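Take 378 as the starting number for the sequence shown in our numbering and just add one per residue.
Derived by calculation from the structure, the hints in this document are not laboratory data. Each hint should be verified, as a subset may be incorrect.
Stated by the list, open to error - Simulated restraints, written as ranges between beta carbons of each label pair: (1) A438 - R504: 14 to 20 Å; (2) T420 - R493: 27 to 33 Å; (3) A519 - H495: 19 to 25 Å; (4) T455 - G419: 51 to 57 Å.
Keep in mind the model is a prediction, meaning the values are calculated, not measured. Ideal placement from N, C-alpha and C gives every residue a C-beta, glycine not left out.
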Amino acid sequence: MPKLIPHLRERILDAARDALATEGWRALSMRELARRAGIAPGTLYNYFSDKEEIVATLALADWQDALARMEAVAGAATDLERGLSALCDELNAFSDAYRPTWRQYEGGSASGYLTRYHRMLREQVARPVRTVTERAGRADLAPLADVLAETLLACSVNADLGTPAMGKLAAALAAGAPHTEGGQES
Numbered sequence: 378m379p380k381l382i383p384h385l386r387e388r389i390l391d392a393a394r395d396a397l398a399t400e401g402w403r404a405l406s407m408r409e410l411a412r413r414a415g416i417a418p419g420t421l422y423n424y425f426s427d428k429e430e431i432v433a434t435l436a437l438a439d440w441q442d443a444l445a446r447m448e449a450v451a452g453a454a455t456d457l458e459r460g461l462s463a464l465c466d467e468l469n470a471f472s473d474a475y476r477p478t479w480r481q482y483e484g485g486s487a488s489g490y491l492t493r494y495h496r497m498l499r500e501q502v503a504r505p506v507r508t509v510t511e512r513a514g515r516a517d518l519a520p521l522a523d524v525l526a527e528t529l530l531a532c533s534v535n536a537d538l539g540t541p542a543m544g545k546l547a548a549a550l551a552a553g554a555p556h557t558e559g560g561q562e563s
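Using the sequences plus the hints, can you model the full thing?
Here it is as structure tokens:
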């Protein structure tokens with residue numbers, strides 16, 4: 378009967394997070410992870426089949442945390458420009474944390490993975506965008522939530538765009554379209 382080690386999965390993930398931050402994707406190996414976690418390599422394989430699964434598990438947990446922070450930011454938004462910029466900041470924080478890994482993975486690109494899940498990511502980001510538009514009194518912009526979410530995603534993966542570009546777009550939207558209150562222009 379295998380020996381049960383309390384909180385081993387979390388210990389493995391903590392070791393992987395540390396290894397990614399200090400050594401990077403290419404240096405990450407199952408044998409090194411097992412050493413860092415203080416377990417035999419065979420024990421590691423009882424929890425994860427390969428390093429891709431470990432990194433995906435970390436990224437998913439971090440993405441869910443980022444989404445929760447985006448929902449909180451959206452729920453507190455009172456202004457379109459600051460609300461969309463704050464959402465962009467949250468996406469940038471997630472992207473900045475994983476950009477080095479994405480660059481090292483498969484010759485520098487995680488585009489296949491991102492393409493496969495792009496629609497889902499856009500839909501997840503569109504939810505807090507809708508909340509921001511509604512809280513900012515801009516229900517007229519809610520139909521553009523998918524477009525704004527797409528723009529936020531582009532800003533987060535393209536370091537040359539980022540929050541300043543999103544802020545300019547939000548300011549232009551705030552200045553250029555009529556405000557609506559309950560479907561009526563104000």
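Just tell me: holds or violated, for the beta carbon distance of A519 and H495 against 19 to 25 Å?
-> holds (21 Å)
Is 14 to 20 Å a correct range for the gap between the Cβ atoms of A438 and R504?
-> 19 Å Cβ-Cβ, so the 14 to 20 Å window holds.
Between T420 and R493, does the C-beta distance stay in 27 to 33 Å?
-> holds (31 Å)
State, for the Cβ atoms of T455 and G419, whether the hinted interval 51 to 57 Å holds or is violated.
-> holds (55 Å)
Checked against the numbered hints above, the structure violates none of them.
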